[in-house]
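All chains should be built: construct the whole structure from the sequences, respecting the hints.
Protein chains: 2
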Amino acid sequence: MIFVLARGGILRHGWGMTSELSDLFHFLRFPSISTDSRHTGDVRRCAEWLVEKLSSLGLQTQLHETARHPIVVARNEHKPERKTVLIYGHYDVQPVDPLELWHSAPFEPEIRDGKIWCRGATDNKGQMLAHVLGVAKTLREQGDLPVNLIFLFEGEEEIGSPHLAPFLQAHREELRCDVIAVSDTGMVAAGVPTMGYGLRGIACAEVTLRGPKGDLHSGIYGGAVANPATAMARLVASLHDDKGTIQVTGFYDDVRPLQEWEREMWRNISGVSDADFLAVTGSPAVFGEEGYSSAERVWARPTAEVNGIGGGYQGEGSKTVLPAESFAKFSFRLVPDQDPKDILEKVRVHFETHCPAGVSIEIEIGHDGKPYHADPHSAFGKAAQRALSRAFGREPVLIREGGSIPIIQTFREILGVDTLLLGLALPDCQIHAPNENFPVANFEAGILLNQHLLNELALG
Amino acid sequence: MIFVLARGGILRHGWGMTSELSDLFHFLRFPSISTDSRHTGDVRRCAEWLVEKLSSLGLQTQLHETARHPIVVARNEHKPERKTVLIYGHYDVQPVDPLELWHSAPFEPEIRDGKIWCRGATDNKGQMLAHVLGVAKTLREQGDLPVNLIFLFEGEEEIGSPHLAPFLQAHREELRCDVIAVSDTGMVAAGVPTMGYGLRGIACAEVTLRGPKGDLHSGIYGGAVANPATAMARLVASLHDDKGTIQVTGFYDDVRPLQEWEREMWRNISGVSDADFLAVTGSPAVFGEEGYSSAERVWARPTAEVNGIGGGYQGEGSKTVLPAESFAKFSFRLVPDQDPKDILEKVRVHFETHCPAGVSIEIEIGHDGKPYHADPHSAFGKAAQRALSRAFGREPVLIREGGSIPIIQTFREILGVDTLLLGLALPDCQIHAPNENFPVANFEAGILLNQHLLNELALG
Numbered sequence: 003m004i005f006v007l008a009r010g011g012i013l014r015h016g017w018g019m020t021s022e023l024s025d026l027f028h029f030l031r032f033p034s035i036s037t038d039s040r041h042t043g044d045v046r047r048c049a050e051w052l053v054e055k056l057s058s059l060g061l062q063t064q065l066h067e068t069a070r071h072p073i074v075v076a077r078n079e080h081k082p083e084r085k086t087v088l089i090y091g092h093y094d095v096q097p098v099d100p101l102e103l104w105h106s107a108p109f110e111p112e113i114r115d116g117k118i119w120c121r122g123a124t125d126n127k128g129q130m131l132a133h134v135l136g137v138a139k140t141l142r143e144q145g146d147l148p149v150n151l152i153f154l155f156e157g158e159e160e161i162g163s164p165h166l167a168p169f170l171q172a173h174r175e176e177l178r179c180d181v182i183a184v185s186d187t188g189m190v191a192a193g194v195p196t197m198g199y200g201l202r203g204i205a206c207a208e209v210t211l212r213g214p215k216g217d218l219h220s221g222i223y224g225g226a227v228a229n230p231a232t233a234m235a236r237l238v239a240s241l242h243d244d245k246g247t248i249q250v251t252g253f254y255d256d257v258r259p260l261q262e263w264e265r266e267m268w269r270n271i272s273g274v275s276d277a278d279f280l281a282v283t284g285s286p287a288v289f290g291e292e293g294y295s296s297a298e299r300v301w302a303r304p305t306a307e308v309n310g311i312g313g314g315y316q317g318e319g320s321k322t323v324l325p326a327e328s329f330a331k332f333s334f335r336l337v338p339d340q341d342p343k344d345i346l347e348k349v350r351v352h353f354e355t356h357c358p359a360g361v362s363i364e365i366e367i368g369h370d371g372k373p374y375h376a377d378p379h380s381a382f383g384k385a386a387q388r389a390l391s392r393a394f395g396r397e398p399v400l401i402r403e404g405g406s407i408p409i410i411q412t413f414r415e416i417l418g419v420d421t422l423l424l425g426l427a428l429p430d431c432q433i434h435a436p437n438e439n440f441p442v443a444n445f446e447a448g449i450l451l452n453q454h455l456l457n458e459l460a461l462g
Numbered sequence: 003m004i005f006v007l008a009r010g011g012i013l014r015h016g017w018g019m020t021s022e023l024s025d026l027f028h029f030l031r032f033p034s035i036s037t038d039s040r041h042t043g044d045v046r047r048c049a050e051w052l053v054e055k056l057s058s059l060g061l062q063t064q065l066h067e068t069a070r071h072p073i074v075v076a077r078n079e080h081k082p083e084r085k086t087v088l089i090y091g092h093y094d095v096q097p098v099d100p101l102e103l104w105h106s107a108p109f110e111p112e113i114r115d116g117k118i119w120c121r122g123a124t125d126n127k128g129q130m131l132a133h134v135l136g137v138a139k140t141l142r143e144q145g146d147l148p149v150n151l152i153f154l155f156e157g158e159e160e161i162g163s164p165h166l167a168p169f170l171q172a173h174r175e176e177l178r179c180d181v182i183a184v185s186d187t188g189m190v191a192a193g194v195p196t197m198g199y200g201l202r203g204i205a206c207a208e209v210t211l212r213g214p215k216g217d218l219h220s221g222i223y224g225g226a227v228a229n230p231a232t233a234m235a236r237l238v239a240s241l242h243d244d245k246g247t248i249q250v251t252g253f254y255d256d257v258r259p260l261q262e263w264e265r266e267m268w269r270n271i272s273g274v275s276d277a278d279f280l281a282v283t284g285s286p287a288v289f290g291e292e293g294y295s296s297a298e299r300v301w302a303r304p305t306a307e308v309n310g311i312g313g314g315y316q317g318e319g320s321k322t323v324l325p326a327e328s329f330a331k332f333s334f335r336l337v338p339d340q341d342p343k344d345i346l347e348k349v350r351v352h353f354e355t356h357c358p359a360g361v362s363i364e365i366e367i368g369h370d371g372k373p374y375h376a377d378p379h380s381a382f383g384k385a386a387q388r389a390l391s392r393a394f395g396r397e398p399v400l401i402r403e404g405g406s407i408p409i410i411q412t413f414r415e416i417l418g419v420d421t422l423l424l425g426l427a428l429p430d431c432q433i434h435a436p437n438e439n440f441p442v443a444n445f446e447a448g449i450l451l452n453q454h455l456l457n458e459l460a461l462g
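Residue numbers (my numbering), protein chains in the order written: chain G, 3 to 462; chain E, 3 to 462.
Hints listed in this document are in silico derivations from the structure and should not be mistaken for laboratory results.
Do not rely on the hints blindly, as some may be mistaken.
It does not matter which identical chain is meant; a pair holds if it fits inside one copy or across any two.
With a straight-line cut-off of 30 Å between C-alpha atoms, the simulated DSBU-like cross-links for lysine-lysine are [unchecked claim]:
no.: 1; residue 1: Lys81; residue 2: Lys139
no.: 2; residue 1: Lys215; residue 2: Lys245
no.: 3; residue 1: Lys245; residue 2: Lys343
Structure, rendered in structure tokens:
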């Protein structure tokens, strides 16, 4: 299919593609957007494809129903003398809007400039499938794995994994393991192997403010009643001072201070300076809590972010209405030892206390997950660092992560084991945004990493 | 068409309808939304229908092109001994969203509960066509009018009348008149004839704040860069203190204080108490500048309103993005003797001064119009009050208006005459909002008012 390759080096499908890439392209084409009920069927078809793939490797595979999107579990034949390793991933993806900002269709994977462009390429289908294909390769090359393996793949990570904890509880015996590995985090830079030992937690809430029973003419009524859009702005503005410090009473009470060794280590990692954050984000300036570097702000300090705000006229031109209501969607990223339920209660009190006069407030509490922190120098931690060294040919760096994988903390609570965070995402991978991408090199390194990882973990 | 009348008293068309109502229904069915370029053809077709209607009355009628929507002018044969009266109206309408809140299709007029439900029913097609049909009736009954008449109808009132002032300048000789009458304002309550002697001005602006080059993952980057939605909230919140007083430096400098006789008169008008504003708007409470009643706040005090705010994820569920940008659409209602250009400059300085760190700001200045104030006790003012008394059978009340018809001030500046504000809109007419409506009784009173008005103005 030479015509495809001739088009500016864009590769969509064809004879020039490895069977691994071909598998990934199949996997990526399912628009498995878990938050959007219109895509429920796509999420299921994606899970069914996965079941077929895992079964074809000779793994004992099961699709478990939940109230929403299915969980897929696969395992080799377990032997008592081997270590048991659970590898977790998720096959659901984020929504794709704003669609007009994508340079290629979000669910038509393409290779351009050595990268795979598609929603889910990095988060998490590319990283997850690398583990599956690493296992496939080892089975092909050696006929067996050096460990007892459990694959656990869910379809609800992007909506807060509502059914995974109950599933873990119900299947805790079958899922008993010595350690868990997850590739759903980031590398500090291309080619720099990175092990994470901490994650931020998350707590979500949505607020609706209501004023008049319908949109009003801003001339005929403006001045006499509160404007819910103005009121929402005042409520949002109450969350921070002008330096970015969060004003919710007690918000920082349980924040574990950064250790000096962490700050020292992070200062020496290249690729995560303020200038790097500026370059990657394209923001006019870095901005955040005083007294911290950008990496420290993202990896070890909590936030209060508005993910969406809206109210009144959204179209072209002007419309002089006083809107009937407004909304804002909030997420709070939390660090050890903040507790999401405690934070959400403090936030609720803050919103109720700071709700401007003249409007009514409705607070809808959303999903949450605890922050995570583990010792990077445990035996399994060191084994994982050896695997990273072998796969990438250089020593890994140790970091925390700004993102949230609440299930990691849940694994510890229910299964009683730590999780190794062996992420392959690059800073410019655009996850959760238009033009998500994943380098082919990282996909290939991920396959190799899985092979070394199982070997190293087998040694303990 | 009995089946129509049988359906719960809903009347859409049929033999039970007067020819006046039938004309109005025709006029209302054009979705003449001037701000939306997709409706440009509808605005033109509406103007063409009007030309045909006016010509059919024997008036000399012309459609004048502008760079956007046409202006329609019609006149009877002018005689030197008669007073010349110009009647102004607009045939364009506001957008209709949110569409889902309408109880019937916005451009399919229906009569329910004695009211005509349709976008434009009150603002301004119903009120405007009453003048046309009043003239038609007088011509039918008397074969001539008591005055020289000029009808001036535009299609750009809802976008700030950008081409009307140049048109007035270019045609000031043909449009020379002794007085202007406009029905595009409100009655304080059903059955209470109301003459307006003041209008608020308007000044519009839209602000866009930009942060990262694209939406970011709020976990991976949150904390390191400013969030444009949060920044917009802070910028909007800077406009008022928590009592609703506007914080833009110099904003109140040129506000003419309320006169004691106005406050006294307004206190005695029934239907405009705080309780009435509460009932009509359905807001949880009245809210506004301290020391003023609701009527005073709306009729004689300026405002800073957010007409629309947006940024980040707007869909179902949650999406943990840090948005790339946010917008807010503002309108400021102004009172004598504030000048819109001066206010917009003060607002621009305020926005630039108060723009939070870490985002870039773009300020787009929109349309504006000066506030208006006239002596209600002039000879024409008294003539108009006599016409109102005769049409409604009781003495009119004298008020100012919260809305803006910037062209009224422009009429004074270019044509040198005052305008009589003889509005027929009721407090619950829902103009600029879903379920706009106009009582059939007001439409009929409007036709009668036009007949008395021309008679009274002919007397001077």
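For each hint, the structure was consulted:
| no. | hint | in the structure |
| --- | --- | --- |
| 1 | Lys81 with Lys139 | within (20 Å within a copy, 99 Å between copies) |
| 2 | Lys215 with Lys245 | between (37 Å within a copy, 22 Å between copies) |
| 3 | Lys245 with Lys343 | within (26 Å within a copy, 33 Å between copies) |
Of the numbered hints stated above, none is contradicted by the structure.
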